[in-house]
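S.K.: Sequence:
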Amino acid sequence: MFPQLLFYFISTLLILNININAIGENPWDIQNFAEIISGIGQMIQNPAETVDVPSALIMGKWFQVYKASVSFDINRPQMYCAVSYFYKASVSFDINRPQMYCAVSYFKPNSVMGEDGFSIELIVQCLKNGPIETFKRDLNKVGTGKYWMYTEEYFYPRQFYIIKIGPKFGNDTQVDEIDIQYIVVTDASKLSLTVYAREAMLFFKKYNKEVMDFLREKGFGGKLFWNSPKPIYQGNDCDWPSEREVFARRVLKNYEHNKKEAARATTNITQTPSEAFAEIMKNPQQAIQQLMQQNFN
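The sequence shown begins at 1 in full-length UniProt numbering and counts up by one.
Simulated from the structure, these hints should not be mistaken for lab results.
The following label-pair restraints were derived from C-beta to C-beta distances:
1. Asp52 - Trp240: 27 to 35 Å
2. Asn129 - Gln286: 48 to 56 Å
3. Ser111 - Thr266: 32 to 40 Å
4. Ala248 - Lys168: 30 to 38 Å
5. Ala248 - Gly143: 29 to 37 Å
6. Met212 - Ala248: 35 to 43 Å
7. Thr144 - Gln286: 35 to 43 Å
8. Tyr233 - Gln286: 44 to 52 Å
9. Arg244 - Pro54: 25 to 33 Å
10. Gly170 - Lys205: 20 to 28 Å
11. Glu217 - Lys259: 44 to 52 Å
12. Gln174 - Lys259: 51 to 59 Å
Keeping only pairs whose Cα atoms sit at most 30 Å apart, straight-line, the calculated DSSO-like set for lysine-lysine is:
13. Lys108 - Lys230
14. Lys108 - Lys146
15. Lys206 - Lys218
16. Lys230 - Lys205
17. Lys108 - Lys168
18. Lys253 - Lys141
19. Lys128 - Lys205
20. Lys141 - Lys61
21. Lys168 - Lys218
22. Lys230 - Lys128
23. Lys128 - Lys253
24. Lys108 - Lys206
25. Lys260 - Lys128
26. Lys230 - Lys168
27. Lys218 - Lys141
28. Lys209 - Lys128
29. Lys146 - Lys218
30. Lys108 - Lys136
31. Lys108 - Lys209
32. Lys168 - Lys61
33. Lys61 - Lys230
34. Lys61 - Lys209
35. Lys259 - Lys108
36. Lys61 - Lys253
37. Lys141 - Lys168
38. Lys209 - Lys146
39. Lys136 - Lys61
40. Lys141 - Lys108
Don't be surprised by glycine CBs; every beta carbon is placed ideally from N, CA and C.
All chains, please: the whole structure from these sequences, using the hints.
M.R.: This is how it looks when you write it as structure tokens:
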């Protein structure tokens, strides 16, 4: 896996000509480059252990207080500017690394997703007082603290791995000692990062240092600039949407989506680009053969 990840990293820098100086890194400096390669190896060899938590203990409202500096999502970079509602029930590049504002989350049960399954509803806001979009995530538990997260924008699931819950929770914590005020989430490769807090102001006052120490220990940040924790604005002037408002926005969004689908059907457009790509990925060899036949016939 290491050679593939290294090849992808170098190719991305060359093709996209990404300016990393904005976050204090110069990839063409030999010492920095060597330390980056070393950091990738350490990241792969030392994966963060997941924490198993009954989903019932993490339902409710959460504020998102950190994200990764670089999100690997080329199609919908704005989706990471999020307000989320969690209900129990990507590879691409965000080149601009947009700021996120006033991100809040709600978790609620979703029995359709199996035991310990839940759902997430997000409200996305990338500009202060800017437009808001809603998204939904459905999570299916696949292991100890590990979930597959299904989205509306992609035909493949994403990893949602819980690697720390605090200040007092672990696989051996007694029930009467449990105190859950924050959650740290990543994926198997530690490319992504999300930190949720019950109360944003309380988190930065009491728990920020211990979470930052944990992230440094686990290989987030430093020379691995892409998964460095980037704070999300949670000021007193934030107007966090209520759960009812999120529901209303989703109803309206689904209505508008259905109208667009109906209009698309009447114009004989049978596939969106993402649907066409998904069809190609099911059988790449057949797709290549069809393309060659079209070109040589």
